[in-house]
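Chains V and A, in that order, are what the protein sequence lines are.
If you're matching positions, the first sequence starts at 1 in my numbering and goes up one per residue.
If you're matching positions, the second sequence starts at 1 in my numbering and goes up one per residue.
Hints may be right or wrong, so weigh each one.
Stated by the list, open to error - On the chain A side, residues computed to face chain V include the following (Cβ under 7 Å):
1. 119
2. 126
3. 188
What the hints assert, rightly or not - Using C-beta positions, here's what the derived DEER-type ranges look like:
4. A:33 / V:122: 23 to 29 Å
5. V:197 / A:89: 21 to 27 Å
6. A:129 / V:38: 53 to 59 Å
7. V:288 / A:36: 40 to 46 Å
8. A:33 / V:121: 39 to 45 Å
9. V:128 / A:81: 49 to 55 Å
10. V:79 / A:149: 53 to 59 Å
11. V:53 / A:149: 44 to 50 Å
12. V:128 / A:89: 36 to 42 Å
Calculated from the structure, these hints are not laboratory results.
Keep in mind the model is a prediction, meaning the values are calculated, not measured.
Just so you know, even glycine gets a beta-carbon here, dropped at the ideal spot from N, CA and C.
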Amino acid sequence: MSATTGPQPDTAIPLPDAAPESPKGRRPRGDRPERKPSLALRAGLPAAVGIVLLLLWQFVSANHLVSDLLIPPVDKTWDALRAGLVDGDWWGDISTTLLEMVIGFAIGVVAGLLLGALFAHSPISRIAFYPYVIALQAFPKIAVAPLLVVALGYGMSPKIAVAASLAYFPVMTAAIAGFTEIDADEHNFMRSINASRWQEMRYLRLPNAMSYLFPSFDVALIVALLGAVAAELVGSQNGLGYILVQAQAMGDTAAIFADLIVLALLGVVLQAIIVLVRRLLPQSIVPRR
Amino acid sequence: MKSATTGTQTPASPAGVGREIILESVSKTYAVKGGKEPVTALTSVDLTIARGEFLSLVGPSGCGKSTMLNIIAGLLPSSTGTVRIGDRAVSEPDPSTGIVFQKATLLRWLTIEDNVLLPCKVGRRVDTAALRRADHLLELAGLADFRHRYPRELSGGMQQRASIVRALVGDPEVLLMDEPFSALDEFTREGLQDELMRLWTDRPKTVVFITHNIAEAVYLSDRVGVMTSRPGTLKEIVDIPLARPRTPRLRTDPAFYELVSRIRGLIGHQEQGAHA
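Bound conformation, chain A alone (with noise of 0.2 Å):
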């Protein structure tokens, strides 16, 4: 209810350019049971994405990255420091975050149309702009044909495909996205990284991207935050200064291979806990 009107509060953003996410010393600590010192998933962390911008957050397993993107989908409360998006503070989850999980997560009673309209049914906002939008993301994913399907005669691929259509519909200003590649094979998460790119190009919108494949990383983001774990730490903030919109080629780009192992080199520094 309350973000509701707050979303409409907002001052107009450009249409489909995204909100700013500001995160002030947003840290995460877990109690463990038997009295143990609390754990620290999420050491603190300040950080501005821009309105539109392409980030992601790589790292090895426990360095705080999912942690950090529950938070601001407003799935996790931190346990200091805020999380802003607009001029929204996160306490919930709001219909203007898209999420889109590692598991498609679509439900298999639903058809896959009713799964995409599934968010905006939920909140009420079912009219033809989100009908239209629906019509338009299913075409653009490939995904027409099989709008009356169910999701399990669908393969991993384009379940996924059908999930990020569903974070797509409501036109949210920010998408969440949690590893949503990984469980796909090499071929398949390719095609759908320059998918994921006609989408964003299509219409822009502010994305966190947490993935722990460098590569993935480099090739979708405008930065890619570069995390470590115990304790999980946002230690350094690489700009991806490469042109969009960017085509299978720069795979094979040598500034792109500079730029993964740079990045790569980061991670394995902090891992023998030696400094960049």
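Chain V with its partners taken away, still in its complex shape (with noise of 0.2 Å):
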């Protein structure tokens, strides 16, 4: 393997002939002022990015140039699509699905909160305990959820525990940061007040670790929505992951299409949620670095 992928970075590199002119950091900066791109264009060009490819959708498969096996008409996915969304059919299914994921996230959060705080303050568990904690992050997870569906059965239990699995690492990590990467000299001023640990970790160790934190909600938020619909695909009753396996194995790809689709909007809009609470959070609760 490596012998053979070894040589490729070497040879590949140089070769593109408009290597010379194209690295970005080279460009003087004087010669093209950066100047932010206009509302119209910001909006506009991801717009018709997602026009264009709609319509490629569309020519692929009205002209069969795919098998609507893999590809499935467009009209149909948007049919399947309005009879789970406007019709109701999935209504049940998604908020199972947000349910679980919120849950999990919750629970992931918390876990990684308290994780993060212990290791922060305890030296000792950190060298005892965090190899594991590394070592189960590199492990696949999910593949522990058939075992999960036989321990806490089909319903929401073995979800939210993938979930919370996945989405307390990244908040975990953020929180050790958080928590010790504090300034040298606002340490010895908390000293110098004689404050005690926790009014240290109250004024000074917990808001220095919020704006560690939120960003690492983002990414425990999708965790926490892959994990909640991967369990879902080992075993369930009802869920968006449910109708995956459900529309599969109909072979219904206008179905798991649309799905997909509605998987991809939940992420969007709950993303959009905690950047929303991010900016309206005042700076005492969110600091900014």
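Two independent chains are provided; combine them into the complex using the hints.
Here it is, written out as structure tokens:
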């Protein structure tokens, strides 16, 4: 493996002819003042790309360039999406998956915060347990989902467990960084006013950690969704993952596509909510770095 | 806890006149990794700072002046000797000592007002007197209109002013300042020196002020301790008999120059290893 892939980068890197003039770093800054693109451009360009992709999709399926089983026609996907969302066939499943994800996310955030605080405050515990935490992270936790289904049944609990097991990690690493990467002078100041450990936590470490934590919530939310859906694929009675399995069994590619679109929308909306919450919170809670 | 009780037992010094600071054969050595000889940061110092006195310590970097300040603050244990403030033997930081660091060290998630009140909050001493002092000091420091702003919205000079106010809100008996103006430009620095003088005159307290700027030390102080490096030593203490209140006019006064050049001479001679 390494013998065949090894030399490739060496030969691949110098190949492009355009290379000498393309490196971004080299371009003199004064030449092109960085102007912020207009709102019309920032909204219009992504929309145009989306429309082109849709048209391409329509073109491919209308001309049967690819089997309908791989890429369903746009109109059938639209029908499936409408049946699911407008007629309300999927609302129950959406709320199930959403609930699994949100509870898994919440548990993951709390667990990540607690573990992060523990590891940040007790070097001994970090030495003892951190290698296992890392090993656990390297291990594909979704692979435990079948076992969890056996243990916890077909209900929501195994999905919540998988979602939480994925969500805690980014929060934990951010919490460790936030609690330990303290400005030395600010720490000295807290010492000089005789702050107790708890006060140091309350006034220095926790607020400092907040600026690290919010970006980790984005990641935790997305992996919680991933965990919930993946666990549903293994064994479930409802949820968006369950719909995927059903649609696959019936060869209903249009429904699969529609389901995937719903999942993508869920992820985007939830992430937007986190970003919005972060913006709305005052600096006293989410300090700018 | 312990210091709080000794604080109340202290015979009442006249309000706002500060406490005496006594250093008895205080030294500091650091063990160096690798089993070599320990490094001497500060050789034995005996020094008495009078109540309400403004004492500066000047010297090149590595002369142990910050070490000395940290020991007086109770942030650093001394290797030998004792430090007493009033009748309290210093072993840990105490609310009766206010400290201003080289960096403003304001917490970026607190408004200026909350930053300034933090030491009182931590010491559970937020009362009407503290609030009134905060109001008064913010007013004096020209920060009244910025009390609800966050530190990042203020200039470096204003941040440092806020950190001085923070050190004073608890009405400490002793104020320790570790090169508080060294990160500021010359004009801001001189402005703040005058402001510090006003604050100190408003409510005198014992001040230990560290700087590597000789003119600053002379301008502010009753006495200037001249320190030399390798090893860190308090070499000589120079009286500054200039009249108070001191005004910017003093900066061009021949007597002022005289003292500055004398102290510069002391440091220079010592650097060459000759005796002053």
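- Message: Let me make sure I understand: some of the numbered hints might not hold for this structure. Which ones are they, in numerical order?
- Response: The structure breaks hints 2, 3, 8, 9; every other hint is satisfied.
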